[in-house]
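Those letters in the sequence shown? Residues -19 to -1, 1 to 89, by mature numbering (1 follows the signal peptide of the UniProt record, and there is no 0).
Keep in mind that the hints are not guaranteed to be accurate.
[Stated by the list, open to error] Straight-line distance between alpha carbons at most 27 Å, and here's what the computed DSS-like set of lysine-lysine pairs gives:
hint, residue 1, residue 2
1, K51, K13
2, K28, K13
3, K51, K28
Simulated from the structure, these hints should not be mistaken for laboratory data.
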Amino acid sequence: RSRNLCLVVCISLLSGVLSSLPDLSDKSCTFKVTLHNFRVILSWELKNRSIVPDRYTLQYTVISRPDGVKIVEHCSNITASFCDLTDVWEVLPETYAVMVDGFRGNTT
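Build out the structure end to end from the sequences listed, making use of the hints.
Shown next as structure tokens:
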């Protein structure tokens, strides 16, 4: 069963800003962007530890483009709470809206 854990957060890599949308600040997780060895790593931590998903799927959209939400294929149905976005977010002076879905149990 899918549960939307971390609703939307806006990430601007140019300015290093990471902020939740005001209406969603009490929602379920905190995001962190780390630049390590020229790799862009996005990680998340659950605020409510009673919610423990088995797997996560990361989705994002670029705020300035009308493309819609995209699933990060290599970060779909993963057990880790982080994702390497280096090859996905190629344009760093952009603002990204990110959503993480958490899954528990069988999803098929």
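Each hint tested on the structure:
Taking the CA atoms of K51 and K13, the gap is near 20 Å; set against the 27 Å cutoff, the hint holds. Annotation: proposed proximity of K28 to K13 holds, straight-line Cα distance about 13 Å (limit 27 Å). At most 27 Å may separate the alpha-carbon atoms for a hinted pair to count; K51 and K28 meet this at roughly 25 Å.
Hint compliance for this structure: no hint is broken.
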